[in-house]
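Chemist: So you can see what is in the structure, the chains are spelled out below.
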Amino acid sequence: MSAQPIVSIAGVSKHFGAVAAVDGVDLDIRRGELFALLGGSGCGKTTLLRMIAGFETPDTGRILIDGQDMTGVPPHRRPVNMMFQSYALFPHMDVAENVGYGLRREGLPANEISRRVGEALDQVRLGDHGKRRPAQLSGGQRQRVALARALIKRPKLLLLDEPLAALDRKLREGTRFELVRLQEQLGLTFIMVTHDQEEAMSMAGRLAVMNEGRIAQVGTPHEVYEHPRSRFVADFIGIANILPVDGGRAWLALRPEKIGLFAARPNTDHAEQGRIVDVAYEGDRSLYRVGLLDGSMLLVSTANVARAPREPWPRGQEVWLGWAGDAGQRLDE
Amino acid sequence: MRLVIALPYVWLATFFLLPFALVLAIAFGTNNPDAVPPVDLGASLKNFTLLFTDDLYLAAWLGSLRIAATSTFVTLLLGYPMAYAIARARPSLRPLLLMAVILPFWTSFLIRVYAWMGLLASNGILNHVLRATGLVSDPGTILGTEWAVHLGIVYAYLPFMVLPLYASLEKLDTSLLEAAADLGASPITAFFTVTLPQSLPGIVAGCLLVFIPAVGEFVIPDLLGGTNTLMIGKVLWDEFFLNSDWPLASAVAICLLVLLVGPIALFQRQQAKSLERQ
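Sequence lines, in order, name chains F and Y.
Counting in our numbering, the first sequence runs from 478 upward without gaps.
Counting in our numbering, the second sequence runs from 328 upward without gaps.
None of the hints are false.
Listed next, the in silico DSS-like pairs over lysine-lysine satisfying Cα-Cα at most 27 angstroms (straight line):
(1) F:LYS608 with F:LYS630
(2) Y:LYS600 with F:LYS608
(3) Y:LYS498 with F:LYS608
(4) Y:LYS600 with Y:LYS498
It should be emphasised that the hints constitute simulated quantities derived from the structure, not laboratory data.
Source: prediction; values computed, not measured.
Given the sequences, and given the hints that come with them, work out the whole structure.
Modeler: This is the structure:
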């Protein structure tokens, strides 16, 4: 029955006052995938996650988890666990007590609880921190305690609310890989909420881009990046040049790295002449703003594969831009 | 700058330490009704030994502790749900509800206790109502019993319980309750494993704020309790004003202070601990 989705969301809406936080969402999450809900603040991604956990009740529609209708099922009876953005560790309990909290609610014998708590702490490399209080831990350690506490009940589905947002940049990169490794090792389904597109792209197997309570597009990171279905998605994910085509009846979303810079007219499907207006040197790549003859502006990025010259295309330089016929995505909306 | 620090200390030394030293000196003296004031200073331990050997004083000590303890417990049972409800009420409603808790302070304490006399007397309002409803034909009198003392203490000190409880419950991070629910705790289990331990500093603060003054309470047992309600505050008053035995009254006062230093120290340690935790 692995074809049956682990979560099935059908026609779900949620209003807060007059504001529609989630507006008619249909979504299936497959068993064993790492799925990301991606969007800006107020797009409804967190509300959707909280409805899966049971902290919010949908106004309309229903949510099925593992084929079971969750309507009217309180959070403490749902087969899901959540890792909170603030981690929500119990300050009056030590690390081991925090991690064992869920097992104590199941009424397991004390020796089994302590064995499984030990295993869970080892899994997140905190084996010798069991007696510490949350206040005595670093941000990264707290995050791992929260993860261990959510995973110890072996849920079929783990919900992660901005799991990396509270970590500093260096730690975030390492933790990304660790979360993905854990998800694959345990064979669990993760649903992650994030506002960070880089995080969603690098971690998720599939992702949903949300905007104003609706799902703008669902797909693999590659599909969403290379085949955006709307101007919103093209603009939200990465950088896109959006050019009017067919006399303004449609648009072309063209990524900056799909455009080449040339000294003379290139032999590509499309070629335009322009002048470098601005250069942003980012180390691994440079981002150029190029003014075309018709006055429009295009962003072009090139990888800095060679160490010299320092500035291959200086500001003010006359250049040719060239791109292939299939380099961009045609958008009708 | 120095003046700002020095002035309050001078004030404390003059109006707290000096009288306290006088009381201490008198406690070691002997009673002399013919002197003015009625005391011969000395180094006698007679007053203190009497306090610990005479049954009357022992009974008064124990009575005070018992009555203070039970009323503190009842105040906690009443105050906790109140504080909880205020902390969970709509934010716009909370100031109004808190105001209602503090409102009795706007009337003199003494007058409020007198009002209870009017309520509880044998021909008071409570008995009128009881008779009018026909529930009880001869209700008896609560006034003058230990029940009335308990009632009075619970009523008078309820705000001191509610306010610290509210302060600690209002701070409670609701995501902790969600985390508990997420891990399989029913609302009741979440209350006992998260809300209650998290509000422990408020419980300790509230209980001590009620218990400490209740032990030495004089007005309530004097007005609402009968002659057979023995509380140490009342004994102190009687020794001083009825028997004019200043040395003995002073010894009672010193012992009361020493007895309450324990709970106060506990209170301060708890405060320091909760500060540390943040």
